[in-house]
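Visitor: The listed protein sequences correspond, in order, to chains A and B.
Numbering-wise (our numbering), the first sequence opens with residue 1 and increments by one.
Numbering-wise (our numbering), the second sequence opens with residue 1 and increments by one.
One or more of the hints may lead you astray.
In silico EDC-like pairs for lysine to aspartate or glutamate, Cα to Cα no more than 20 Å straight-line [what the hints assert, rightly or not]:
| # | chain 1 | residue 1 | chain 2 | residue 2 |
| --- | --- | --- | --- | --- |
| 1 | B | Lys385 | A | Asp73 |
| 2 | A | Lys102 | B | Asp214 |
| 3 | B | Lys184 | B | Glu352 |
| 4 | B | Lys331 | B | Glu281 |
| 5 | A | Lys134 | A | Glu53 |
| 6 | A | Lys153 | A | Glu128 |
| 7 | A | Lys102 | B | Glu422 |
| 8 | B | Lys331 | B | Glu266 |
| 9 | B | Lys386 | A | Glu53 |
| 10 | A | Lys27 | A | Asp231 |
| 11 | B | Lys184 | B | Glu407 |
| 12 | B | Lys386 | A | Glu116 |
| 13 | A | Lys5 | A | Asp61 |
| 14 | A | Lys232 | A | Asp211 |
| 15 | B | Lys385 | A | Glu71 |
| 16 | A | Lys102 | B | Glu414 |
| 17 | A | Lys110 | B | Glu422 |
| 18 | B | Lys242 | B | Asp214 |
| 19 | A | Lys80 | B | Glu384 |
| 20 | A | Lys223 | A | Asp61 |
| 21 | B | Lys385 | A | Asp211 |
| 22 | B | Lys386 | A | Asp211 |
| 23 | B | Lys386 | A | Asp231 |
| 24 | B | Lys385 | A | Asp179 |
| 25 | A | Lys27 | A | Asp14 |
| 26 | B | Lys386 | A | Glu91 |
| 27 | B | Lys385 | B | Glu414 |
| 28 | B | Lys239 | B | Glu152 |
| 29 | A | Lys134 | A | Asp179 |
| 30 | B | Lys318 | B | Glu352 |
| 31 | B | Lys386 | A | Asp179 |
| 32 | B | Lys386 | A | Glu76 |
| 33 | A | Lys102 | A | Glu91 |
| 34 | A | Lys110 | B | Glu384 |
| 35 | B | Lys385 | A | Glu53 |
| 36 | B | Lys385 | A | Asp216 |
| 37 | B | Lys312 | B | Glu281 |
| 38 | B | Lys318 | B | Asp293 |
| 39 | A | Lys102 | B | Glu384 |
I should point out that these hints are in silico values taken from the structure, not numbers from a laboratory.
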Amino acid sequence: MLEIKNLHARIAEDGTEIIRGLNLTVKAGEVAAIMGPNGSGKSTLSYVLSGREDYEVTEGDILYNGESILELDASERAAKGIFLAFQYPVEIPGVATMQFLKVAMNEQRKYRGEDELTTPEFMRLVKEAAGDLKIAPEMLRRPLNVGFSGGEKKRAEILQMALLQPKLCVLDETDSGLDIDALKVVADGVNALRSPDRAVVVITHYQRLLDYIVPDTVHVLYKGQVIKSGDKTLAHELEAKGYADLIEAAA
Amino acid sequence: MNMQQAIKMTAAETALVDAYTAQIGDLPGDGAVLSLRDTLVHELRTTGLPTRRIESWHYTDLRTLLRAVPAADPSAFAERVEAVVPGSSVLAVRSGQANLKSLPKGVTARSYTESLLDGSAVAGLAVLGSDDAIGRINGGLVRGGLEIEIAEGAELEAPLEIQAVQSHGQAHTRFPVSFGAGSKATVIERHLSTNAEGSFVSSVSDVTLAEGADVIWIILQQQGSADTHLGQIRFDLGKNAKLHLFIINAGGKLVRQEIHGKTSGEGADLTLRGINLLGGESHTDVTFTLGHDVPHTTSTEIIRNVVFDRAKGVFQGKILVAKDAQKTDAKMSCNTLLLSDDADFSSKPELEIFADDVQCGHGATVTDIDHTQLFYMLARGIPEKKARAMLVNAFVAEIVEELEDDEELVEALEGLISAWLEKHA
Numbered sequence: 001m002l003e004i005k006n007l008h009a010r011i012a013e014d015g016t017e018i019i020r021g022l023n024l025t026v027k028a029g030e031v032a033a034i035m036g037p038n039g040s041g042k043s044t045l046s047y048v049l050s051g052r053e054d055y056e057v058t059e060g061d062i063l064y065n066g067e068s069i070l071e072l073d074a075s076e077r078a079a080k081g082i083f084l085a086f087q088y089p090v091e092i093p094g095v096a097t098m099q100f101l102k103v104a105m106n107e108q109r110k111y112r113g114e115d116e117l118t119t120p121e122f123m124r125l126v127k128e129a130a131g132d133l134k135i136a137p138e139m140l141r142r143p144l145n146v147g148f149s150g151g152e153k154k155r156a157e158i159l160q161m162a163l164l165q166p167k168l169c170v171l172d173e174t175d176s177g178l179d180i181d182a183l184k185v186v187a188d189g190v191n192a193l194r195s196p197d198r199a200v201v202v203i204t205h206y207q208r209l210l211d212y213i214v215p216d217t218v219h220v221l222y223k224g225q226v227i228k229s230g231d232k233t234l235a236h237e238l239e240a241k242g243y244a245d246l247i248e249a250a251a
Numbered sequence: 001m002n003m004q005q006a007i008k009m010t011a012a013e014t015a016l017v018d019a020y021t022a023q024i025g026d027l028p029g030d031g032a033v034l035s036l037r038d039t040l041v042h043e044l045r046t047t048g049l050p051t052r053r054i055e056s057w058h059y060t061d062l063r064t065l066l067r068a069v070p071a072a073d074p075s076a077f078a079e080r081v082e083a084v085v086p087g088s089s090v091l092a093v094r095s096g097q098a099n100l101k102s103l104p105k106g107v108t109a110r111s112y113t114e115s116l117l118d119g120s121a122v123a124g125l126a127v128l129g130s131d132d133a134i135g136r137i138n139g140g141l142v143r144g145g146l147e148i149e150i151a152e153g154a155e156l157e158a159p160l161e162i163q164a165v166q167s168h169g170q171a172h173t174r175f176p177v178s179f180g181a182g183s184k185a186t187v188i189e190r191h192l193s194t195n196a197e198g199s200f201v202s203s204v205s206d207v208t209l210a211e212g213a214d215v216i217w218i219i220l221q222q223q224g225s226a227d228t229h230l231g232q233i234r235f236d237l238g239k240n241a242k243l244h245l246f247i248i249n250a251g252g253k254l255v256r257q258e259i260h261g262k263t264s265g266e267g268a269d270l271t272l273r274g275i276n277l278l279g280g281e282s283h284t285d286v287t288f289t290l291g292h293d294v295p296h297t298t299s300t301e302i303i304r305n306v307v308f309d310r311a312k313g314v315f316q317g318k319i320l321v322a323k324d325a326q327k328t329d330a331k332m333s334c335n336t337l338l339l340s341d342d343a344d345f346s347s348k349p350e351l352e353i354f355a356d357d358v359q360c361g362h363g364a365t366v367t368d369i370d371h372t373q374l375f376y377m378l379a380r381g382i383p384e385k386k387a388r389a390m391l392v393n394a395f396v397a398e399i400v401e402e403l404e405d406d407e408e409l410v411e412a413l414e415g416l417i418s419a420w421l422e423k424h425a
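The following block holds chain B by itself, in its conformation from the complex (with noise of 0.2 Å):
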């Protein structure tokens, strides 16, 4: 560890290092995968944490924001929880570490921690660019998580449940998931903490749909109060596949979720939905790009905010449309209530668009409850307090009703919403 130091390490930094060197012999990997953690945590060590200067990363100042970090602990072992729809198939990964059960028809799982040991992870390792903080954190701590591939032509009865469950310390996971061609699925990727002790989790997904496959994949973040959540999903879809991405942020100290894909295939369309549920002191990042690649393939993305208390929330996405993807179509909006006056929204959305017969087009709006609604609701008789939740509720209930196919997988979701929102309205 012979390394020149290029800047004063903030104590998180000094923290994610240190986490590192303590377990330097301990951490999985053949030569390949150890040697590129070693470069990625140089990098960390040398150019630190990205701050408000990286564009990318100019709402959340990690480097600012991320003051402490726990020691990783072993023993940070949390018990499985239930699943969000019953019935689902529960794959769970405690503190890092894979356990797998009875796997569905068409699904094969195997440990992550193998994929690194084998070395067949170093090329999903590497980041995404110099600004991919995430997936460097990531790539040098990571030991756990799931490798799973979905048959070609299955189609699950039920929902396979990832649970990512954290007691506290730190918990560093990588899901590789592959859909075969004309596989359907619902993956519903749960991270969550159990008691509020604090801990220090990033996680990173590589999702690719070969041709034709119909997945609802649902990333549903529930960590506690004190946690710092680092996510990341990548997503390539091929030619005619259907990708339907929905994302909760309902927990959280500092959070990230950062969502990067491709269409690499004609036909292919991607649905990306995000609700946050924002609350207390909290720091809420979703930052999002795209890539249509290739031509005739579509895109809408809504998300939609509800932000309470002194909390901050933070939404950058970005389209690039290729100079060959003509027919492109995209949407993209981003609806924000704003519950108190301390609240705080940030919207960034941006086309980059090279081709030039496309229909693209984005939209932000931040809006207080509508008042007309609320006094049609006490109009009926009911109180205003319940009358606003309710509306809060609708806000985001509408896109959670885009997943009528699967009644229990909307009820499912709209009782957890409903859940946080009495707890915080």
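Only chain A is shown next, with the shape it has when bound in the complex (with noise of 0.2 Å):
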């Protein structure tokens, strides 16, 4: 599903490269955890891959479902299946979230050719998916992630990855900032989406997430490379021992 080969990229105002060489690749139904210290480029990855304007890719490819996708802007690349978890959900005052929700599921409609969803059709879904997620209505109501707490957006994020169904799941960080209780109300949330063909990529520091997100794969992230790949005891002894051996092996 996800094919990425020697990526290099950078950032594009001041052209500091972050992504070195990277090669990963990760098949329809797979869970993949990237992990990796602080500045390996593990956020920078979710963010060339939904493809934000400030990163630009100087050297290899991105394949998604055997296409490069190198050329879509963020809203093609949304709107054929990958949906990247904000670390850092944006508040966006004045913009109704239930607006945000039925705009964005109807302009994805609209891009793969499909009818748009009625008022009806909208209310429903979102009510059962809020639902599943212990969201309140009068979360809805408000504008999008204005106010909300630390738990609240990663919420709403899974919330809206439920109701937009993407094929490419890339979770950034997920559980920062969340305590148990609201850690397990979000791994439910994306361990029901799991299925033969979609593919989630969980990028994360901790262990701890992969607990409840159990992953297939694990890769480590190391200045811009993915340094060593492994199942899911790699986790496991990363947790025991840190990252300095491994480091110190790539080195």
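Both chains are sitting in their own frames, so use the hints and assemble them into the complex.
Guide: Here it is, written out as structure tokens:
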């Protein structure tokens, strides 16, 4: 589903190279965890995948279902099924959460040549998904992410993911700022979306989230490259020993 | 008309003086009103329209910007239009002529023409100062309008919409409106033209709120893209009176909207909100002065500007706190989204404080669309054009939503704003 080949990417503004020859393959149905110390390029990878213009790819390619997505802008990638759950969901005063959800769902449908949702259909879908994630209706009446607590923001991200039904989900540090109860709710939401035709990339600093979203593969990112891949036991090793040994071995 | 000519008049100045001369004998007024009109037009003739050398007109050099004024045409009649908020009571002034229909309970109104004829209008016709060009032009040429009284304790269920509809030529209107003690009302003062021929409009509203009155007053300026609109609202807030004044400029080629008010009773509160939707080659100026004249009065002012194309905008806001006006609390801000390289906005906030125990502040920002917000929306599959439109809309919608107590009003204003943005973005 996702094939990253020798990817090099830098910050557009100052040319700093962050991703330096990264290779990664994630198959349909797979949950892949990307771990790594601070500054290893984890968040940059999520932005480059989703098409943020502040980064430019200088070499290599990203194939999604066999096709390069480098020429697609962020909205086209999203409409094709790539979803980024933000580490810091953005507050947008003046845009109601419900309006945002409806526009996003219908714009994606339009892009794919599908009929737009009617208001009752939309309401039903939101009500169902919000109930599963324990999101109160009052929260949906507020402007998008404005005044939401850290946990509410993350749940709102997962709600969007559940409604948009993407094929490739990229979760950027979804566990940061969550207490254990909120973490469980979020993890349940992600696990509910696991399916044979969907891939999930979980970017995380800590092993903790991976106790709840159990990965099929674990990849260690360091200085913009994958320096080691393995199964879920790799995450436990890292938790016990830290990154130092791995980094030394790779150097 | 044996007057000394001090300046070489521009085409627009000549046209205004000619409009007066052509209507002598026809303009309504008793002896005192007619004599005052003569004085005002004489001043216009000798001092001319204001230029950038007059401080309050520094960013809007009216003498240069006002190139032409169409002749007055008494047949410039326009049909009344649907009210902004369904179910409103509409009082239409068409081409300067008042048309009174059945009035809601607690409201009395008469044509302003009658106040001119019987001379009761004369005190209100005085200019606010030597730089009051709008008061001068309007006082010289005003033919009609409405004088409205909201009875003590009256609570209007539906908004009262004052419609000034114009098709071409000139219109000069006045709206003295008094709100009785404890009354509660929403008034929509709406100016619009029905075609693009280019009309010249001046309008002065003179609003007084007695003790405890609670009023939402919305000025909706929707003139055509060739029109000149010179508007002014004066207000005086009595004890514990609350005015939520909301000004939306969504039209016009050359627009000046002045707001001059004072709090004259303790506990008075002003909420001023302004939205300037500017596009094309238009020039729009909102100039505001507020006197906090007595202790314990409050005001907040938020102006949001969205500027496209080669449009220019101006906001001047001056808050004066009198020596005795202790415990005044005033906060003014002006935020602008510049959406093209040729768009331009000048903001000049001023505080003049003579009391020593007050809380006053002001701030101004000029920005482009927030790129983090834009990326977030794109990342959810919303195409860039649509995402930008939503963010621009959000920038102004925030202050519309403060009127949340009246859902229909919020919906109507939001609809109007998004329609404008769809047309211009």
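Visitor: State for each hint whether it applies.
Guide: Outcome of the hint check:
no.	hint	in the structure
1	B:Lys385 <-> A:Asp73	12 Å, holds
2	A:Lys102 <-> B:Asp214	37 Å, violated
3	B:Lys184 <-> B:Glu352	32 Å, violated
4	B:Lys331 <-> B:Glu281	31 Å, violated
5	A:Lys134 <-> A:Glu53	34 Å, violated
6	A:Lys153 <-> A:Glu128	18 Å, holds
7	A:Lys102 <-> B:Glu422	18 Å, holds
8	B:Lys331 <-> B:Glu266	18 Å, holds
9	B:Lys386 <-> A:Glu53	17 Å, holds
10	A:Lys27 <-> A:Asp231	14 Å, holds
11	B:Lys184 <-> B:Glu407	17 Å, holds
12	B:Lys386 <-> A:Glu116	16 Å, holds
13	A:Lys5 <-> A:Asp61	5 Å, holds
14	A:Lys232 <-> A:Asp211	10 Å, holds
15	B:Lys385 <-> A:Glu71	18 Å, holds
16	A:Lys102 <-> B:Glu414	18 Å, holds
17	A:Lys110 <-> B:Glu422	19 Å, holds
18	B:Lys242 <-> B:Asp214	5 Å, holds
19	A:Lys80 <-> B:Glu384	15 Å, holds
20	A:Lys223 <-> A:Asp61	18 Å, holds
21	B:Lys385 <-> A:Asp211	41 Å, violated
22	B:Lys386 <-> A:Asp211	40 Å, violated
23	B:Lys386 <-> A:Asp231	42 Å, violated
24	B:Lys385 <-> A:Asp179	38 Å, violated
25	A:Lys27 <-> A:Asp14	34 Å, violated
26	B:Lys386 <-> A:Glu91	18 Å, holds
27	B:Lys385 <-> B:Glu414	19 Å, holds
28	B:Lys239 <-> B:Glu152	14 Å, holds
29	A:Lys134 <-> A:Asp179	15 Å, holds
30	B:Lys318 <-> B:Glu352	7 Å, holds
31	B:Lys386 <-> A:Asp179	36 Å, violated
32	B:Lys386 <-> A:Glu76	13 Å, holds
33	A:Lys102 <-> A:Glu91	17 Å, holds
34	A:Lys110 <-> B:Glu384	14 Å, holds
35	B:Lys385 <-> A:Glu53	15 Å, holds
36	B:Lys385 <-> A:Asp216	39 Å, violated
37	B:Lys312 <-> B:Glu281	7 Å, holds
38	B:Lys318 <-> B:Asp293	13 Å, holds
39	A:Lys102 <-> B:Glu384	16 Å, holds
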